[in-house]
Every structure is written in structure tokens, then in C-alpha cells.
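Student: Take a look at the letters that make up each chain.
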Amino acid sequence: MNSIDGTTPNEYDLKRILELRKKILIASSNAGEGHIPSAFSILEILYVLYIVLPRLRDENQNLDFDFILSKGHGCLALYAVLEEANLIDQNWVSDFCKPLSNFGGHPDKMKVPSVSASTGSLGHGLPLAVGKAIANRLLGQEQRIYCLVGDGELNEGSIWEALLLSENFNLKELCVIVDFNESTSRSIEIPNLSAKLTGFSFEVVEVDGHNLSELQRSLTLQTQNRPIAIIAKTTKGKGLSAMENSFAWHHRSPQASELNIFLEGLK
Amino acid sequence: MRKTFVKACGTMLSKAPNSAVLLGDIGVHSFSQLANEYPDRVLNLGIMEQSMIGVAAGLSSKGIVPTVHSIAPFLVERALEQIKIDFGYQKLAGNLVSVGASFDYASLGCTHHCPADVPILSNVPEVDIFIPGHPDEFSVQFGHQWDSGALNYFRLSETSNSDAHILKRGEVRRLKSGTEAIVLAVGPILQQVVEAMTNFDIELHYINSLPKNMELTIPTQLRDVPVITIEPYYPGSLLQRIVRQVSSSHLKPSTLGVNVEFSRLYGKYEDHLRKHELDAFSIQKRIEKLL
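Order-wise, the sequence lines are chains A and B.
Add 2 to a position in the first sequence, counting from 1, and you land on the number used in this note's numbering.
Add 11 to a position in the second sequence, counting from 1, and you land on the number used in this note's numbering.
Simulated from the structure, these hints should not be mistaken for laboratory data.
Backbone N, C-alpha and C fix where the C-beta goes; we use that ideal spot for every residue, glycine too.
Don't take each hint at face value.
[Stated by the list, open to error] The list that follows gives simulated cross-link-like pairs (lysine-lysine, DSS-like), each with its CA atoms no further than 30 angstroms apart:
1) A:Lys174 to B:Lys102
2) B:Lys14 to B:Lys279
3) A:Lys111 to B:Lys223
4) B:Lys14 to B:Lys263
5) B:Lys187 to B:Lys95
6) A:Lys111 to B:Lys73
7) B:Lys95 to A:Lys100
8) B:Lys102 to A:Lys100
9) B:Lys223 to B:Lys102
10) A:Lys111 to B:Lys95
11) A:Lys235 to A:Lys198
12) A:Lys235 to A:Lys24
13) B:Lys286 to A:Lys113
14) A:Lys111 to B:Lys102
[As the list claims (entries may be wrong)] Label pairs and their calculated CB-CB ranges:
15) A:Gly201 to B:Ile58: 17 to 23 angstroms
16) B:Ile58 to A:Pro56: 37 to 43 angstroms
17) A:Pro115 to B:Asn224: 20 to 26 angstroms
18) A:Asn227 to B:Asp36: 22 to 28 angstroms
19) A:Pro56 to B:Ser259: 56 to 62 angstroms
Given only the sequences and the hints, what does the whole structure look like? Please build it.
Tutor: See the structure below:
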């Protein structure tokens, strides 16, 4: 195992991410609830944001950030990473979706203080992120605002309204991360997304959304006066061949009899 | 009331650096001076109501109290889910200030009418509703409430009662004594109700706010008489808040308000009042029938 003090993401991180995938499977199986493929799709993105970047930061770097998971149904990944970052307790795994749990099928900031916004209905997160960025300017606070949206979520008109606002306000503090896991392949596709976002004056980078080094570089990108968009090419259900790119698993949980097989099948 | 609103915003902006005004491309000319004075805090976000509410919630989450202004149907109905989730569910503070409800834009057709705003927002948890009947009422309400920590909805009207009644939040005030029945009038419909009441021995009460999670108390000794609520929007929101007293005092409730139908005529505000039998003459006849 490599040291966790390394300057780049390493083998240790990959092992930890594998453990987080196991926790996600167990939590979902226990509850009979959850969107596992969406969580697996975004897990590396959240891991780099919450675990790798703070660990690798230069003492002089201001890495204060606010993060909105606009596609709230991916919250299993958020809970797993928040626990890894010691921001929530490990009991989320056993509590997930129980009646009095703080950890539901979509994140509730009133119950989990380290969650920045309660999301679930799609298309809400990016306008909120724009408001947060504008507020920080009024308050004189320097903070990067990250907002993770899904490619399916890009069908929502409010996303494009917020992109327009981001352009008009030159929100260089804003980084929109698109979890491009091809959800739109079954609905209304978003062709030439990079060109569309460039047209909204975004600095656009395309990365492998499961590659920690590429994510690390893109998530620390800075511009003079343009908002940033990271198009993260991802795979729904990444890490478990039975779920990868299977729409049947979008909102399905493993039966107890399937769980061990899936845990062993994770890679 | 619109002029009073601009003035109230000027006071707010000058006193509170943590305040901001978001315009949905409405009232831009009226706010031009304030926009010049506070270019960072008076923002015209254009015609994108749902995102405007989302942006306002983002501001609020960081401690900036937003005041969002647009025409009632666009502010309330188009952006309802944003109001519900971005503000209500997350218990964020702010102010929504509408113009144009119920049919103040009478001749512009049903797309610009909004008699459902109060009933809709009555069913969004965490919203305090204010229905001023006079510019002075709005001025006091906004001055007291804009930074209350709740989501406030202020319903500005084109018409005004002749007299202002400065009420506390949730107060029901008796304006006239009587014995045969109780009439409760809400906001700007009071003018028509007062004109309709001249020959009745009826107790008249006035209300201009419907606070969240609060039952209202009618200051009356009357029992076993009719109680008639008269609201300038789809009826029923007020009765929800007095139903316990209505039951315990054996009052016989009736609710008058805008009929739940598309008001397809054009013309003036007064034409719509007559269509919905909310003009003084019609109210008088309806009360006579109910007594």
C-alpha cells in the first residue's frame, strides 16, 4: 500500500474507493433502496474532491469549497465519501433509509449539516450554486463552488438558464461537473456538449470520470474570468459488471442472496 | 403599493448590506435608481423565474436575504417547485413580492391572472403570507418582516382600501360591531365589503396576513351565527386557519372568493369583481342570502 501522503492519487486511494463501493452495496441492500449505478458513476469525482484534494493541498492554497450534488439520487456516494472525510458517522450504512435516519434516498441538508443543499428534483442545484457564488462575491469570500449534474439532468431548462447566468456574471468561482454516464442515450441526447458549454463561455475540459489523476487536475483548474465545466465521462454502475450500463439497475437494490456475489465481483 | 415597495427596498438596501433585490425583468424602470446605487445588490435576472428562485435560495444559504419580484403567476406558479424545495424544504429565508394577482392585469387574459397564489402558498410549509390592503400596511409589514428568517410572500395589489389598518402578524381586528353574523375580509377586498355592509347588523373583521403554522383567533363573543370569509383569491385559505374556533363556537361558515374558473373576460379589475360577485353590490346580495 502506498502512503496516503503521496503527491498524487495512488494505490491506497483505489483500495479505499473499492471499500466505499462495498459500503454502498451493503447500505443499499440492507435498505432495499438506493440508486447504486448513479453512486458508482460519481464516486471517484467525490472522492477526489473530498479526500484527495484536501490531502494534496499546498499550504498556500485556498481549497475552501462548497459542493452541491444536484443529482441527489447519487447520494450513496456522497454519504460514503463524507464518512471517509470524517464528516459523518459510519452508522449511515446501517441507517440508510430507515424511518428516522438522517440518510435518505436523497440528501437532506437539514439532517446532514455537511450536505450543502437538499436535492432530488433535478435541475435545482445549478441555480442554487450560481446564487452561492454571487453571494460569496457580495460577502467578499473566496470559495470554489462545485455543482455536480448528470447528463440526463441537462434536459432540464433551469440548467440552461443557470448556464446563461454563469456566463453573464463571469462566475469563475463556479465549476460545473457533468457526470456524463450516457443516461441521455435512452432519452433526449445532448450532442456536442463541449461546444454547447463553450458557447456559454465556459472553460471546458473532458476527462475520464473514473481516473483520479485526471479528476485531480481538472478539479483544481483556474481561469481568469470564465466558469469551468468538467465533462466527466463515466460509466453507470462502474466497478460491477452486472450493473454497468444496465438501466434495469438504476433504482434497484441487491437481494441478500445477491449481495455477497456482488461484493466479490467488485473491481 | 409598487412605489411603496421600491421605497421599502431602498430603506432595506441602505441599512442592510446583507440584502439584495432580484427582478424578473419586472419593475426595472422603477428600480433603476436603486440599481444604479446598488449595482451588485439589485439584479435583473431576466425572464427565468425558476432559476431566479434558485439563485435567491443560493444567496440566502450564504446569509444574503433576497427579495424576489415578479408577476404573481410567474413568481408563484411557474417557480412553485423551486419555492417548495429550494426555500421551504431547506428552511431558507427570503421575500417573494408579487404584483398582478388575482386579476389586476384584467385585460391581459388568464395567463397573467393568479387567483391561486395564496391557496398554493398556504400549502407550502414555511411560508408566511402577507396580503396588504393599503400601501402603508405593506410598508409596515415589509419593514418588520423582510429579515424575519422565514420565507415571506407579499401580495401587492393595484387597488387599495381607503384606510390603512396596521395589524400585527396574524392579527384579526374587529372594525365594526354587530350581532347577526361575522364577516372576515382579507386585504384589498375590504373596500367592497365595507361598502356592502352599511345596512347590516354584522360584526366586521379585517385580516392582512396568513402566517405559517398559526391558527387565527377572531376577537368575538358571538356564537351560533354565520361566519362569512371574503377573500380576494380562490376561497378557503382563511377558513383553514379559523376552523377550530368556528367549530367550538358553533359558527356556520361560508367562504366567498374568486370562483375557481378561468376568468376569460378582459376589461378592468372591476369587471372581474362583478363577474365573480365580489363587487360591493354582489357581496351585499350574497350576505343577505346567507343570513
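Student: Between lysine 235 (chain A) and lysine 24 (chain A), is the straight-line Cα distance small enough, at 30 angstroms or below?
Tutor: The given pair, whose Cα atoms are some 22 angstroms apart, holds under the 30 angstroms limit.
Student: So if I understand the rule, the pair passes when the alpha-carbon distance is 30 angstroms or less; does lysine 102 (chain B) with lysine 100 (chain A) pass?
Tutor: holds (23 angstroms)
Student: Given the hint that lysine 223 (chain B) pairs with lysine 102 (chain B), test it: the Cα-Cα distance must not exceed 30 angstroms.
Tutor: holds (12 angstroms)
Student: Holds or violated: 56 to 62 angstroms for the Cβ distance of proline 56 (chain A) and serine 259 (chain B)?
Tutor: holds (59 angstroms)
Student: Is it true that the CA of lysine 14 (chain B) sits at most 30 angstroms from the CA of lysine 263 (chain B)?
Tutor: violated (40 angstroms)
Student: For the hint 37 to 43 angstroms, verify it against the beta carbon of isoleucine 58 (chain B) and that of proline 56 (chain A).
Tutor: holds (40 angstroms)
Student: Verify the proposed pairing of lysine 187 (chain B) with lysine 95 (chain B), using a straight-line Cα cut of 30 angstroms.
Tutor: At roughly 38 angstroms apart (the allowed maximum being 30 angstroms), lysine 95 (chain B) and lysine 187 (chain B) break the hint.
Student: Taking only the CA atoms, is the gap from lysine 14 (chain B) to lysine 279 (chain B) under or equal to 30 angstroms?
Tutor: Satisfied, since the Cα-Cα distance of roughly 21 angstroms is no more than 30 angstroms.
Student: Could you grab the alpha-carbon distance between lysine 111 (chain A) and lysine 223 (chain B) and see if it respects the 30 angstroms cut-off?
Tutor: Judged against 30 angstroms, a Cα distance of about 21 angstroms means the pair holds.
Student: Is lysine 95 (chain B) close enough to lysine 100 (chain A), meaning Cα to Cα at most 30 angstroms?
Tutor: Holds. Lysine 95 (chain B) to lysine 100 (chain A) sits at ~24 angstroms (cutoff 30 angstroms).
Student: Honestly, do proline 115 (chain A) and asparagine 224 (chain B) meet the 20 to 26 angstroms range at C-beta?
Tutor: Holds: the Cβ-Cβ distance is about 24 angstroms, inside 20 to 26 angstroms.
Student: Hint says 17 to 23 angstroms; check whether the CB-CB distance for glycine 201 (chain A) and isoleucine 58 (chain B) agrees.
Tutor: holds (20 angstroms)
Hint check: violations occur at hints 4, 5 and 13; the rest are consistent with the structure.
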